[in-house]
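Number of protein chains: 2
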Amino acid sequence: MFEFTVNATSGPARAGTLTLPHGMVETPVFMPVGTQGTVRALSPNDLRSVGATLVLANTYHLHVRPGEQVVEKLGALHRFMAWDRPLLTDSGGFQVFSLEGFRRVDEGGVEFQSHVDGSRRTLTPERATEIQWVLGADIAMAFDHVVPGGADEATARDAMDRTLRWLERCRKRHAELTASHDATTPSRPDRPGDPERRGVVASSNQTLWPILQGGTHLELRSEGLRRILEFGPWTGLAIGGLSVGEPKAVMYDMLERLEPRLPTLPRYLMGVGFPEDLVAAVERGVDLFDCVAPTRNGRNGSAFTPDGPVNMRNAEHRDDPEPLDASCDCETCTTFSRGYLRHLFMAEELLGLRLLSLHNVRYLIRLAGEMRAAIRRNAFGPWAGEWRRRYLHSGSA
Amino acid sequence: MFEFTVNATSGPARAGTLTLPHGMVETPVFMPVGTQGTVRALSPNDLRSVGATLVLANTYHLHVRPGEQVVEKLGALHRFMAWDRPLLTDSGGFQVFSLEGFRRVDEGGVEFQSHVDGSRRTLTPERATEIQWVLGADIAMAFDHVVPGGADEATARDAMDRTLRWLERCRKRHAELTASHDATTPSRPDRPGDPERRGVVASSNQTLWPILQGGTHLELRSEGLRRILEFGPWTGLAIGGLSVGEPKAVMYDMLERLEPRLPTLPRYLMGVGFPEDLVAAVERGVDLFDCVAPTRNGRNGSAFTPDGPVNMRNAEHRDDPEPLDASCDCETCTTFSRGYLRHLFMAEELLGLRLLSLHNVRYLIRLAGEMRAAIRRNAFGPWAGEWRRRYLHSGSA
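Protein sequences, first through last, are from chains S and D.
For the first sequence, position 104 (counting from the first letter as 1) is numbered 104 according to my numbering, and the numbering increases by one without interruption.
For the second sequence, position 291 (counting from the first letter as 1) is numbered 291 according to my numbering, and the numbering increases by one without interruption.
It is worth saying that the hints were derived from the structure and are not from the lab.
Accuracy of the hints is not assured; some may be wrong.
All copies of an identical chain are treated as equivalent in the list; a pair is satisfied when it fits inside any one copy or across any two copies.
Claimed, not checked - Straight-line distance between alpha carbons at most 20 angstroms, and here's what the computed SDA-like set of lysine to any residue pairs gives: (1) K73 x K248; (2) K73 x E322; (3) K172 x G108; (4) K73 x A179.
Please construct the entire structure, taking both the sequences and the accompanying hints into account.
Shown next, in the form of structure tokens:
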């Protein structure tokens, strides 16, 4: 359980297999985001139909509504949202630092205001870990202190140091929960414990991944990475605090400089991204991604295609009988014309939100699949060049 | 084509089979409403999964947006909305008489204001027929003058007389379109023309149904019915102008008094209805229904169940692991808990709108199926008694 195998490389780009309690995940992989325990406008059947394997849900949102006790009573997160494949929960760190309203940070944790009812609540590393344990995703994330993309070095260092101290507390609490669970659960005879993996924070149910912070400061990131790995072993590593306002070139440069220092562990770049970001990050050795872009943009009428983004509201689609993306195998593209999709958006019909969300998620999942194939034939560079020539051709991306 | 066979009766209640160009329809049948060429929040696959056979779309709405020429360029209505089973289009009469804004009626037709862009437009019996011909549904409806449920006899007579004069014009235009089409389309050798059906306004593509008006005045309705049948033969008959504000008892009484005078033709009660209305109307000899209630109520969080309507927002569902309706085979009821459905509504998630719409449509389609079964065993009365005891038990229906 929680094994990661790299099957092929093409420069820093890797194709791998991540084994989780609820199934195997081929990387590079795009995770659709189900913030409130549902990927907006899509059903579990929709997600299966587009080939989603790993789905993300959010600890902050599920804590404030409906509350983790409700999710627990309804059979934990997998049963709650009827998703029987792997799940990952973000820790809530990003949310409490990015949502509007009151917030007070101290060494203990963060006091904040619920966006649902305005009530004061507190998340600590221990609470975030306990909530995620109750939710029961395959992968839990450590509770982190996120700073804006332009934060100065002192601010970024302060947040990174705190994130590392919090990581120690998350790890301790997760190990306690795991030990208590494993003590009451008979080990499965078909999965004998591997003595070499002792110390890995993982039971047969859930593993905990650390988050590397440090803003746009390479020295901080390098130090943070070293200290995280000293705490190890880990089963994966997330890179947080990028794609939060800094220029894209800064993010790409940071990934490029970090890559040679990263261990083989699966690398998850949080909150990324758009198609061009996925390609650039895989090129720099990243394996996992999540982003609301495919569903949010889909609801706004914007669709990813191999020739760049398309705005379905444009008058040019009015009586176009062609599919949105002739190369795509999703229900939207194999069933409906561009003219009909435009009609749904002009008429403000709910089906339009769903059909474009479905296509955009499928687009990113297929993109990840194409990248895996290019890596396996050790041709990622030429593939990426071709892909960019076509995708960025319109100049609108 | 356009055959209707009554297979069983139980008192005035009938079970029949209606043969249409795009397939067979077992009656009694509930038609989901796809006003703008989409049943709100549901996809064609969803509709197939709940057993929908005949779907309604609206001439007024498709005329003002995207325009029938656009639908024609995109392959006509079936291809446009990707529905390969039977379709029926309402004529737009009901809409131009019920939507807000400017309206001027004269013998020629109705001038009105588009609710989309405020432009002045005119629908005449001929235009409504031509638009529906272009849309290409299996069943087109005659253009009618609808009056409110409480209209006095003089107002109702005026509208009924006009509707009958307009029916003559719809029929003439539809016959011209049919003749012109049939002259250019070789007859199919496997479907030789039936000389006894000459005069029926139907090609192999589309038939036209008249709409009986007359408000709540039985004498007017009887006269209207007599005059419509004199114009015949027809392949079906709609009863319009009910369920438009009059007390339900008045509607039920009208149906009961009309029933002995109705020919065998399929009888379509327009705009009805709620579960209890379907049962009451089938009991009085009605075969076809359409209503936005299942989708509109579903979007409002209200679900039909055998024990009456349920409001999914109620706090009692908060951590209820049971399905919405344990007897239902729809995706919603076989996949999700009441607690999760409540969460979707409290969190304003789009999936909730869809899951309740899906269930409500399935509920009415299953209800129609149960009624067919009860009729076939000549036990409609006892079945309806049992059904009412359970459905109306809570008193909330």
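Hints, one by one, checked against the model:
1. With identical chains, the CA atoms of K73 and K248 are never at most 20 angstroms apart, being 43 angstroms at best within one copy and 43 angstroms at best between copies.
2. When the C-alpha separation of K73 and E322 is checked against a cutoff of 20 angstroms, the pair qualifies only between copies, where the shortest distance is 11 angstroms, while the shortest distance within a copy is 47 angstroms.
3. In this homomeric assembly, K172 and G108 come within 20 angstroms of each other (Cα to Cα) only inside a single copy, at 15 angstroms, whereas the closest approach across copies is 82 angstroms.
4. Within a single copy, K73 and A179 get their C-alpha atoms no closer than 22 angstroms, and across copies no closer than 65 angstroms, so neither meets the 20 angstroms cut-off.
Going down the numbered hints, you'll see the structure goes against 1, 4, while the others check out.
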